[in-house]
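Novice: Listed here are the chains, written in short residue letters.
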Amino acid sequence: MENILETKNINKYFLDPVKFHVLKNISMQLKHKEFVSIMGKSGCGKSTLLYILSTMDSDYDGELIIDGQDMSHLSRNELARVRNEKIGFIFQFHYLLPEFSVLKNVMLPALKLGRYDEATIKKKAYEKLELLDVLDQAHKKASRISGGQKQRVSIARSLINDPKVIMGDEPTGNLDSKNAENVFNVLRELSHIHEMSMLIVTHDLDFAKKTDRIIEMGDGSILS
Amino acid sequence: MFKHIIDISKTHLLSKKKQTIIASLGVTFGISMFIVMMSFMTGLNQLLDGLVLNRTPHIQIYNKTEASETQPVDRFLDASDQLSHTHSIRPKRRLLRIHNALPIISELRANEKVKGATPQATSKVFYLAGSNNLNGIINGIEVQEEVRLFNFKDYIVEGDVNCLLKKKNNTLIGSGIAKKLSLSLGDKVQVMNTEGTIFTLEIGGIFQSGLADVDDVQSYVSLKMAQQLLGAGTNYISRIHVKLHDIEDAVPVSELIENLYDVKALDINTANAQFDTGSDIRTLISYAVSITLLIVAAFGIYNILNMFIYEKMNDIAILKATGFTGQDVMYIFIFQALMIGLIGGILGLGVGYGISAIIDNVPFNTEALPTIKTYPINYDPYFYIGGISFALITTFLAGYLPAKKAQNIDPVEIIRGQ
Ligand SMILES: Nc1ncnc2c1ncn2[C@@H]1O[C@H](COP(=O)(O)OP(=O)(O)O)[C@@H](O)[C@H]1O
Ligand SMILES: [Mg+2]
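Read top to bottom, the protein sequences are chains A and B. Take the first sequence: its position 211, counting from 1, is numbered 240 in the numbering used here, and each next residue is one higher. Take the second sequence: its position 242, counting from 1, is numbered 604 in the numbering used here, and each next residue is one higher.
Any given hint could turn out to be false.
Stated by the list, open to error - Once the Cα atoms are required to be at most 27 Å apart in a straight line, the calculated DSS-like pairs of lysine-lysine come out as:
(1) B:LYS372 with A:LYS170
(2) A:LYS169 with B:LYS529
(3) B:LYS380 with A:LYS169
(4) A:LYS115 with B:LYS365
(5) A:LYS170 with A:LYS153
(6) A:LYS170 with B:LYS379
(7) B:LYS380 with A:LYS153
(8) A:LYS62 with A:LYS170
(9) A:LYS238 with A:LYS170
Hints are computed from structural coordinates only; laboratory data are not their basis. Since we're looking at a predicted model, the values are computed, not measured.
Looking at chain B on its own, in the form it has when it is part of the complex (with noise of 0.2 Å):
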């Protein structure tokens, strides 16, 4: 039935090659560079991502220093009848510690939602090089879970990460420190603890995690060194680090923690608020330059079947003198539409993949992801389901005014003007 009006609309199509070449080219324009942008825009939130969400915990717990909101005289005082006023209160003073820490690990690490959860011990300390002293910090990990949830690995510039396992003192020194201090792999470096203690610990490996706050006072050695540094027992634990399967669980979850055990959880959304704005302004600017260089292209498609039905008035006089239908007609340039979107889009899907592909292999440097070597790229397929759908949204939609008007061309009208 539709055989011979794609037919004709083929032969349309061909006799005109220059149009049809041109009208598929504003389609293929469009939609290369949706997807190159949206690749590329999202590939770069990703990295970004990557960047600080990663290496983020999604909920950290750490002791509550915060005043008691229900102050001692409360409890003596009925609060309806009478007032009570205290000013200039201060939290209790308290640990660093988490109390009980330990249960509390293995509580969270039995808990479905989440992925995983790493204590870690934190000390100040004075690094200490010939004259020359630094006041640093120095983290102890579990360094295999801290490779398996926060990418620690990808941060590790020198050495091996593992060398914590290794040797009890061996320690993974920041590059600011290493800078500083003319340190590198092998090296020694005594540090010093606030009690005045003087350890010396052996340099496996520098990190360099992008964000100079962090590279020049940090360094982390094995959980064990940490607590010895502290002069503290192994059970001994200042934050707890949780990852979770799904970031959305951060708030709830951080919640309930709150809830069971007396301590502080901090969740991710309101450690980073400003993170997600940030991450979806860059979407929606890719999808609002994407969707106008589309618009524009239907624009052209439109002008061009514009154009066609005008060049083709007797053909459609011929066609509807000898018994084909309105309907028949306006088929016939909706097929022309469509097949120009066709064309048009999957040539954009090829150019819009090469594009990609040559950015992928840009070289970018940045000091902050030290393992990133290229421009970042997202292969989303749904990137190209999505250009392809939307090109033939557009050329359907741009074709059907034109072809609505040729099915309402009076056949009569163009042969009397003969």
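Next up, chain A with everything else stripped away, as it sits in the complex (with noise of 0.2 Å):
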């Protein structure tokens, strides 16, 4: 089976407030319809990997390929694109444009996409939502809604453009074990039904089991 994602000997360095290899000859792969967990203590490193792996962050030696294509030598323009196409993030934090309504923030990453006209988007969109089960929120403002219904809706948002791989930052960190199992069901549903790949950050043991493979952080390199 083919990879929809892989790095090879990913080193990043901060500089700031002294020179710290964060990052240390991280060598991965992502197979398509997997369902991956990371782990590791906090603070060895795996938030900046992930934006490393989702393209916001470029400044890094290595080699990093998603869906087929080297991403070392593409534009900040060439690699927004990339995210917007191919990358769904879902964050820790429930990161919603708040005065904008729950539809709209689904919406707007599949607006600027332009793959399809907004009539089309609308109803992407209500399908997602629907999905998610926060169909009934579709027209409140992005902040009057609870926080496990905006994770719910952040991840709706990230499906709206179909993308090969979602990728989150302890999704379930915020939110009740009744909720987190939830979200942990969605998105095994997604990578199962909807062929898509998962590589999702977790303090949660329970969570991690669950998952086809666990890797294994430590101090920046890759233990298992």
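Assemble the dimeric complex from its two separately framed chains, guided by the hints.
Specialist: Rendered as structure tokens:
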């Protein structure tokens, strides 16, 4: 099975306040339809790695290949396009635009991509909201819904452009166990039924155990 | 393509109504002051132009009284090998009348640069009223040409300007003279010419130029009457006043006239050199003040947009994380700046027009301009076009730097900071 995402010897340093080797020779693969979790102690570099994999951070050494395309030499605008089209990102905090409606939040990345007309995008956004069981919140302002609902909406948003891979940085970290369970089930279902690859950073061992594979990180390197 | 960017900008502006309104009002203030200042100042300038320029001939033609450059002795001596000194040169005694004035006038009138040329016959007189004698001048004019070329009608405060055409001995008397001699419309006034002959004139109107020097001594009669006062024929003309289509031609045309005829031609630039400077300085001051106001408004916009961007840091990070480019984000903020400029600018045009209209209706009475009743306002559409353009340009510039900053914000920095 082909790799949807692959890294070869990624190294990253922070120079401020002192030179600090935060990621050391990271080489990993994520296969099509695979659901992988990343675990490791706080401060070991999980978030830093995820920002690189999601193309938001381009300040590193090594190779990053997404969907067969080398990311190392792309311009910032080209990277934005890759992020828009192929990657769905779920943050730990519910990153929604507070003044926009839930529906608009979900629609915006698709409006940017411009693959479909607005009516089609709206229809798709409703479908994603329904999938995440927050359809009834569609016309509320994003700042007016609960934490669990916000996280579902941000998952719906990450799905709107039918990305190849979904990345999450502790998406359940701020949720109670019931909501966390729900979010996990949604992600599971997405990888199975909708054939998306998942790369999820988590602290929750129960969550991780249910995924296809666990990548164990420690001190900037992959342990197993 | 830009639709969703406009959409995002609008939502941002609407969610921060207070700041949007304050920023727009800054622009409104700047633009409306610009319009009021310019309309009022140039209105005033036009009024003063009217006061001086409209009634001043562009070229005045009269007889030379200067000494000839070539003295008789120079004609006999060859300047190259003989030296001559002539002390205390005086001009030759000459008549006040212009030689061949009538042909000159008709030639001038045929010139395409000339809007009109009017003959004047000036006579020194005494006004006699009981025991009072008053020194004065009586000017014979072609009244309809004076009305057409020099707004003569504007200075008639009583009576009818055309009375000069109806009866030969009708006169338009200076308001200062009328006051001093207690004369009013319809009264008779006796004048004595330099030869001692007495004429009786009837007051058909009173004129007031606003310049006391003129109003206290001068009266107008028809050209024929003046020639009769002077005891001269119908070809006696002491001055010719010329009005051109374009005031800029005054110098070349006056030079041409001096070359063609044996007369002195004084152009308006030489006669009123200091006048233009004053007018220019007033315009300069109004520009300086308005531009200062707009720059202050621009700083306000700069500040508020900077604050917008600071508050919208998270939004910027989310947009970039979900695939919006730096340019998209920059356009969002530039569009917001332009919206503020457009709303504030259009409001500014309205407010500026309103204030101008109010000023236009404030009573303003001045001796100098009997026909002016309210403050002068110049409703030049260019001020409005200039105002809105300036609003858009300054808000664009004020928005550009903060927008550029937003373009370069690194989303990872912000997400990591949480
Ligand atoms: N901007 C930064 N400058 C310097 N050091 C940083 C910066 N961001 C993170 N770090 C350090 O890098 C290490 C990895 O951080 P991070 O990837 O956030 O860890 P994790 O997500 O695994 O908890 C930490 O030791 C953290 O202190
Ligand atoms: Mg982290």
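Novice: With reference to the structure, classify each hint as holding or not holding.
Specialist: Checked hints:
no.: 1; hint: B:LYS372 with A:LYS170; result: holds (15 Å)
no.: 2; hint: A:LYS169 with B:LYS529; result: violated (89 Å)
no.: 3; hint: B:LYS380 with A:LYS169; result: holds (22 Å)
no.: 4; hint: A:LYS115 with B:LYS365; result: holds (23 Å)
no.: 5; hint: A:LYS170 with A:LYS153; result: holds (19 Å)
no.: 6; hint: A:LYS170 with B:LYS379; result: holds (17 Å)
no.: 7; hint: B:LYS380 with A:LYS153; result: violated (35 Å)
no.: 8; hint: A:LYS62 with A:LYS170; result: violated (33 Å)
no.: 9; hint: A:LYS238 with A:LYS170; result: violated (36 Å)
Consistency note: the structure conflicts with the earlier hints numbered 2, 7, 8 and 9.
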